[in-house]
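What follows is each chain in one-letter form.
4 protein chains.
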Amino acid sequence: MKKLWGGRFSAQTEKTVEGFTESISFDSRLWKYDIAGSTAHVTMLGRQKIISKQEAALIIKGLNEIRAEIESGKFKFSQALEDVHMNIESALIKKLGPVGGKIHTARSRNDQVALDIRLYLRDQISEAIQLIKKLRKVFVSLAEKNIDTIMPGYTHLQRAQPVLLSHHLLAYFEMLGRDVARFEDCLGRVNVLPLGSAALAGTTLPIDRHYVAKLLKFPAVSENSIDAVSDRDFVAEFIASSSILMIHLSRLSEEFILWNSEEFKFIDLPDAFTTGSSIMPQKKNPDVLELTRGKTGRVYGNLMSILTIMKSLPLAYNRDMQEDKEPLFDTVDTVKACLGVLIEMLPLVRFNRKVMEKATAAGFLTATDLAEYLVKKGVPFRDAHSITGRVVKYCIDNNKKLTDMDLDELKQFSDLIGKDIFHYISVEVSVDGKKSYGGTSREKVLVRIRKIKS
Amino acid sequence: MKKLWGGRFSAQTEKTVEGFTESISFDSRLWKYDIAGSTAHVTMLGRQKIISKQEAALIIKGLNEIRAEIESGKFKFSQALEDVHMNIESALIKKLGPVGGKIHTARSRNDQVALDIRLYLRDQISEAIQLIKKLRKVFVSLAEKNIDTIMPGYTHLQRAQPVLLSHHLLAYFEMLGRDVARFEDCLGRVNVLPLGSAALAGTTLPIDRHYVAKLLKFPAVSENSIDAVSDRDFVAEFIASSSILMIHLSRLSEEFILWNSEEFKFIDLPDAFTTGSSIMPQKKNPDVLELTRGKTGRVYGNLMSILTIMKSLPLAYNRDMQEDKEPLFDTVDTVKACLGVLIEMLPLVRFNRKVMEKATAAGFLTATDLAEYLVKKGVPFRDAHSITGRVVKYCIDNNKKLTDMDLDELKQFSDLIGKDIFHYISVEVSVDGKKSYGGTSREKVLVRIRKIKS
Amino acid sequence: MKKLWGGRFSAQTEKTVEGFTESISFDSRLWKYDIAGSTAHVTMLGRQKIISKQEAALIIKGLNEIRAEIESGKFKFSQALEDVHMNIESALIKKLGPVGGKIHTARSRNDQVALDIRLYLRDQISEAIQLIKKLRKVFVSLAEKNIDTIMPGYTHLQRAQPVLLSHHLLAYFEMLGRDVARFEDCLGRVNVLPLGSAALAGTTLPIDRHYVAKLLKFPAVSENSIDAVSDRDFVAEFIASSSILMIHLSRLSEEFILWNSEEFKFIDLPDAFTTGSSIMPQKKNPDVLELTRGKTGRVYGNLMSILTIMKSLPLAYNRDMQEDKEPLFDTVDTVKACLGVLIEMLPLVRFNRKVMEKATAAGFLTATDLAEYLVKKGVPFRDAHSITGRVVKYCIDNNKKLTDMDLDELKQFSDLIGKDIFHYISVEVSVDGKKSYGGTSREKVLVRIRKIKS
Amino acid sequence: MKKLWGGRFSAQTEKTVEGFTESISFDSRLWKYDIAGSTAHVTMLGRQKIISKQEAALIIKGLNEIRAEIESGKFKFSQALEDVHMNIESALIKKLGPVGGKIHTARSRNDQVALDIRLYLRDQISEAIQLIKKLRKVFVSLAEKNIDTIMPGYTHLQRAQPVLLSHHLLAYFEMLGRDVARFEDCLGRVNVLPLGSAALAGTTLPIDRHYVAKLLKFPAVSENSIDAVSDRDFVAEFIASSSILMIHLSRLSEEFILWNSEEFKFIDLPDAFTTGSSIMPQKKNPDVLELTRGKTGRVYGNLMSILTIMKSLPLAYNRDMQEDKEPLFDTVDTVKACLGVLIEMLPLVRFNRKVMEKATAAGFLTATDLAEYLVKKGVPFRDAHSITGRVVKYCIDNNKKLTDMDLDELKQFSDLIGKDIFHYISVEVSVDGKKSYGGTSREKVLVRIRKIKS
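Protein chains in written order, with our numbering: chain G, 220 to 673; chain F, 220 to 673; chain E, 220 to 673; chain S, 220 to 673.
Hints should not be assumed to be uniformly reliable.
The list cannot tell twin chains apart, which means a pair is met if one copy fits it or any two copies do.
Pairs of lysine-lysine residues, derived as DSS-like cross-links and limited to a Cα-Cα distance of at most 27 Å, are as follows [what the hints assert, rightly or not]:
1. Lys-272 with Lys-596
2. Lys-573 with Lys-619
3. Lys-595 with Lys-268
4. Lys-555 with Lys-612
5. Lys-619 with Lys-484
Just so you know, these hints were derived from the structure itself, not from any lab.
Please construct the entire structure, taking both the sequences and the accompanying hints into account.
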C-alpha cells in the first residue's frame, strides 16, 4: 500500500518491514484520544482560519463518524497503515477526499503521539488513583472491624512485639497514601500540552496552542518544541511510581500468603478468590496473591525497558520511542488489575483472631516491655536490655515463658523488678502502653482512624 | 463454570478472579507442545498398563482430532478453563467421556507446563540459532564483497586507525558466534524431561520416564522431582543470552544509524527498509534499525521480569511462575523478528566506499604507524608515542595533514625518521601492515574468511 | 567481641558472619546524621524527664566529643561493632560508663537508621537540586551566547529542519526543570520523622516526637510505627528520579560525543576535559561524556537493586534492607559527580557555528516550509506533503538542492508555487517563521529566556 | 601531572576530570594480572626481537620488583596516573628510564585491560565453581544425615504432599549443578586471549599472539582485533549466570527464614550465625539469610548496569566500558561471600525432625495417594481427583483428618475403596511409594546420592 509519506520513495515498503515497524496492533487503544486531540486541533485550525470553518466542521463530522464506527466495532484497522494516526487520517481522507488531508496541517506524528499518550495516561492515572483510594478505604474498614485484635508484630520474620492487627493493616494505608501522592505529582507533569511542537521546531502557521490546551483541559503548554517531542519522562515516572506501588502490593501479597499457610493460619481466603490443584484435591491456593506478587516483576521489567530505550537517544524523536507504548500499557493494565482484584478480595478475608492472639503468647514478645520497665526504674537502657536478654535466656534454658516466671526468679536478675512487672508484660498492657504518636495502642490507632475519616 | 479441580470448593470462582488468573490468552500458543507431550505421556501410560492400550489409543485419537480442530481454527479456547492444559483436557473429556480424564493420570499441571515450555523453547532456540547463523553468513558475504574497502576504525567515536570494512563487519560475525554458543549451551539445559515429577514428589504409579524422554527426544531426564517443577533457570538463561545478543544487534543498529546519517554517509539504506516522515517529506528514516535498538530495552525488561519473579520463591511451584511465559514469548518473538529483518535488509545496504576512504585521509589515522615506525628504529614506545604526539600537535597548529609534512619538518621531531616514513604512513600500507593474528590486514581477513568457510 | 545485644546468646558471632553482616564499611558516612539525630533524641528524653537533664547534658557532651574525634580522623570505626550506630554508642559508653547506655532509650536501630538515611538524603537531594539549577543556568547562558546560531534539528538522526542551537540547548533546560520538580517532590516525602517508632510498635515511654521533629526541622511526623520502619519508598523514588535525570545527561552526552566527532565537528571540547590514547597520539577523547553516559547504567542498576530488595518483604524491618545503602550512596555520588563535571565543562565547549550552519544548507531541511507554503495557498496538507516529496525526489535524482531549483522547475509540481517561495525556503526565514509558542524562532527563544530570567 | 599520552595536548587535565575519570581506586585490584600479562607480553617481545632480550629481562626484573612492592604494601597508587596500567608503567619507567617505555610496544590499554579482566575473571570463576561444589557437597551431606526425615512438600506455600527432607535439600544440589555448568560454559568464553589486538586494528610489529596465549595458558586467541577490544559479553554472561545462582540462594534463604520462624520451627539456626536486636532482647535474627536474599538485588542491579552500559555502543572501545569493572567486582565479591557463609552455616543448622513430621500429619497431604489408589482401581484420574476432593470437603466440614475416616464413611464416596486404603494414605507409605525416577521415595533418593558420590 502506498504510504501517506511515500512521495519521496522509489520502492515500496517490504512486507517484513511493515510487520516489524507497525504499531497499530497495540496503539489502536489510543483511538479515542487521537480523535479527541484531532478534534481540538481542527477546531483551532478553523478558528485561526488556517483552514476554513466549513472544512473544520466537515473534518469534525468525519471524525465523529469514525468514532462511531470504532465504537461499534465496524472500523477495520490496517497494519499497512502503520499506526492509529495514519489509520484514522486515511479513513478520513477516504470519507472526505483531499480536505481530509487538512487535518494534519501544522502538526506532525511526533507531537500527535505525544499528545495521545498524555491524554491516555492522564485518564489512566486518574483511574489508578481512584482505585488506590478505594483500596485505602478497604484497609480503614478492615482496621475498624478488627480494631481490638492483637497479633505478633514481626521483624526479620521473627515475632517481635504484640501489635494491633488494625495498626498493621493501616501501615498499608500509609504506603498507599504515598502512592497516591506520587501518582498525583506525576499527573501534574503529564498534564502539559505538547501539540503544536510539530516535528520538532514548531510551525510557521499561526496556530494557537493555548486555545487547544483549553479545549483539552491542559493547565500547561510545553515550553520548547524540541523537548516536547523528545520527552518520555512522564512514561518513565509513571512506571517508576507503579513499581513502588507494586512493592507495597507484593509485600501485602507475601504477608497474606504466609498468613494463609497452615503454619500461620492467621487468615482464611475466600473460596471464590482461590483456585484448586489439578492433582492435589485438598489444595486451596492463594493464586490471586501469588500472581500479584509475580506481576511485580512485570512492572519492574517495564521500567527497565523504558529506561533502557530512552538512554542516550539523541534529540529529538527517534523511532525507538515507539517502544514506549507496550510497557506503558502493560503497566497500566497490570496495576489496575491488581488493585481491582484486591479491592474485591480483601473485604472477604477472614482474620482468625484467636490464632493471632495465641501466637502473641509464645515467644517473649513483651521482653521489650520488661526492658522499658527497668528503664522507668532508672536502669540505663543498654543495661536493661542486657538484663532482659539474660532473663530470656534463662526462660529458654528452663523451657518457660516470661509470664511463667515468679517474682523471686525475676528478682535474681534485678532487684528493681517488682510485683507490678506482671502487669506490664501482659500482651494487652504492652499494646495499650504504646501511646507514642504513631504507636500501636488502641488509643493512637483510633486517633489515626478518626483523622483519616475526618 | 465448575472447575476440574473444584471438588473441594464451596463457592465458585469470581469472574474477576477468572480474568485475573487465566493464562489461556497467552499460553494457547503452547497447544502443539501440550498435545505432543500428552501423546507421549499417554503412549507410555498404555505401555506401562497404567491405562489400557485401547484407552490410550482412544485418547490419542481424541488428541489428534483436537489438534486438527485447532489447526483449522475451529477450536474455541475458553477463559473460564484457565489455561491451555485444561482447555485441551476438557475438550477431550467432552469428546470421550470419563476415559478422557485418564490423560492426567500420573502427572500434574506443574510438570506438564514445565514440559510444554521446554518443548516450545527447544524449538524456538533451534530456530533462533538458525537465524543467527544466517545473519553470520550475511556478514561473511558482505565482508567478501567489500574486502578491500578501507574505512576509519573508531574508538571513543573518534577516528583512530584505518581498518578494512570487511574486518569491521566480521567483528559482528564473531559476536554472533558467541551468541550461537550461548544459545546452544542453554539448549542443552532446556533439553531435559521434567514430566513424571507430578505435583512435586513423583508418583506411586509405575511410569517410565525414560521412555517418554525417548519419545520426545529428550537426551536427559530431570533428577529431582521438586527441582523439576520449581525450576525456571532455563527461561532466565535464555532471556539473558538474548539480552547479550541484543547488545550486539543494538551496537550494529547504532553504527548503521550513524553511518546512514548525512554526516557520515558511509551507507545508503534500501528504500524498502526505511520509512518516511508524516511532515518532513525529505526524510528517509532508519526505522528498522531504531526499532531494533529500542527493542533491546524490551528484552532487558523481560530479563528483569523473570529474575524478579523467581527471586526468593519457596519451593516448589508457585503461581507467580505463570508470569514466566509472557516475557519468554515476547523475547522469542522480538529476537526472531530483529534477526529476520536484519537478514533481509543487510544484503541490500550500499556501502559508500569513496566516502569511507576519504574519511581515512583526514584525522591523523596513521599516527600510530609513525610511532611503530620509530619503535622499529629502536625508540622506546613511550617516547615514540610522545614524539608522534608532538608531530600531530604541530600539524594541527599549522593546519596540515601528516602526509603534508616534508621530511625536514619531520626530522625536527626525530633524526631517526627517514624517507621511507611516507610509505609507512599511507593508509593502505598501514592497513596491510596489521598482520598480527586477528589484525585488519587484507591477508589476515582473508585467512579468517577462508577458515570460516572451510 | 561481646555484642551490645548479646545477652541472650550462648555462642559468639562467627568472624565470617561479622564480615558478612557488617555495614560500618559503608554506613560510617552517616555518622554526622547519627550524632545529630541522637542529640535531638537525647534533648527530648531530658525534656520529657525520661532521663535526667544532667544525663542528657552529659550524653550530648559525649556526642560532641565523638563528633570532634571523627572530624579530626582520630575515631576508629570497628567492624566488630557492626554499624555506625553501635560504634558511636559503644564509644559513648566507654566515655561515660552506663549512663551512655541511656542514649538508646525509647528507640531502636530500626527507627534510628531510617532517621539517619532521611537526614542524609534530605541534605543530598538539596545539594543535587542546587547542582541541577546551576547546570540549568549554564544552558541558559550558552543559549544566550549562541542565540543566533542555526543548526540542523534532527529526528531519527536525520537532518530534519533548521533550528536555533540556543533552542536545542534550552531543551535540556526544560528536561532539567522536570528533574528539579521530581527531586523536590521526593524531598517532601523524605522529610518525615520516623524516630519514635522504635522497633516497630512505638514505645511505652512518654516521648515527644513532634518536639524531635521540630529540633531536626522535619515538617511532618510518620503516622504509623510499623510503616515507618518498613518504608524505603523514598530511597527507590530518589533513585528512580535520578535514573530519569541520567536519561537526560546520557542524551546530552551522546549528542556531544556525536558533535565532537570528525564527522559532525559541531563542537570542540576543551583539552582539559578530554584525555588521550595510550597508543594513538592524535586522539582527544570525550571521556567525561562517555563516562557520564556509561554511569547511567550504574544508576539504573542501583534502581533495580533497591526495587528487587524491597519486593515481597514482609513487614516490618528485615535485614535485607541494609542493602539499601550502597545503591543509595552510589547514586548520590554518581549524580553529583556527573552534574559537577558538566557544570565545569559545558561553558568551555566551543560551538562551531559555521560548520553547523553549513550543515543546514544540505539535506532539504526546509522541505517542510515548502509544504507549509502550499498549505497557506490552500493545498490540503497531505497533498502539500506529497507534492513536496516529489520535488525532493526530483532534486535527488537530478543532484540538486532545493534552493538550486528555478521557478519553472518548481511550477511543474504545483502551479501555486510563486516567486516568493525562495524567501520561505531559506534557512533563516524557516527558523524565524517558527513563531508558534515554544517554537524555534529567535523571537520565541528570546521570550523563553526572558521568562526564565525573570 | 603530565600524562604519558600528553604529547598532543596544550592544556593539562582538570583536577575534577582526573577524579571523575580515574579508575585506579577500583582497578588496582587487577595489579597481579596486569603484571602477569605484561610479563608474558614482554617475554614474547624479546623472543620476537621486537625488543632485545636484555631489555626484556630488565623490564621483567622491574615488574618483579613492583610486584614485591605492591605485595608488601609499599607501592603508592596515584589517582593522577588514572589506572592500574599507567601506575605500573610509570613506576617501571621511573625505575628503568626510557627502556621501561618499551613495555607498551605493540599493545594498547584497550587490549591490555581486556586481558587483565579476563585473567582476573578466569581465576574468580574457578574459585566460585569450587565454592559452589563445596556447597553442593554440604547439601549431599545434609541429605544423608537426614535421609529419613519426612516433611511437608509445598506448592503455593500450601502443604501439598509429604516428601523427604533429604529430597528437598537435594533439589538445591541440582540447581547448583546447573550453576556450575553455566559458570564453566562462561569460563570457556572468558578463556580467550585478546592481547595483540592493540588499539583495535592489530599491529605492524611481528608479535606472536599464540606464544603469549601459551605463556598465559589461554586455549584460544581472539579472531578479530576490533571485536576483541569491544567485547564485554563475558562480563555480562558472568553476571547473568551469577544472577541465576542468586535466584537459588535467595530461594534457599527464603525457605530457611520461613523454617526458622516460630510458626514453622522446622530448623534452629546456629547462634553464631544469627544476630540480636538492639531493643528486643529475645530476638535471634536470621541476618545471614536475609542479607543473602537482599544481595540478590545487588547482583541483579549489576547485571542491569552492564547491559545498559553496553547497549548501542559503537565499536570499538568507548570509555563507557570502564564502568564494567565495579559491577563485575561487586558481583564476584557478593557471590563468593554468600557461598562462603552458607558453606559454613548450613552444616550447623539443626533440623527439627519431629516438628516436620507432625506437620505432615495435618492437612490432607496424602489426598493425592487416595486419588492414585482409585486410579489403580480403574477410576479415570479426573474422576478420582473429584471423588478425593469431595472426601476432603467432607473431612473439613466434619473436622476430621483423612486418617480419622472409617471405611464405611469412605465407601460412601466410592465403592472401590477397600481396607487397604489406610495403608496407602499413611505418610510413610505415600513417601516410599513415590518410586518414579527422580521421585521422593527413600529408594530413589538413595539412588541419587549414590550416583552423586560415585
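Each hint tested on the structure:
1. Lys-272 with Lys-596: between (86 Å within a copy, 16 Å between copies)
2. Lys-573 with Lys-619: both (22 Å within a copy, 20 Å between copies)
3. Lys-595 with Lys-268: between (82 Å within a copy, 10 Å between copies)
4. Lys-555 with Lys-612: Neither, since 49 Å and 34 Å both go past 27 Å.
5. Lys-619 with Lys-484: So Lys-619 and Lys-484 pass the 27 Å test inside a copy (24 Å) and across (17 Å) alike.
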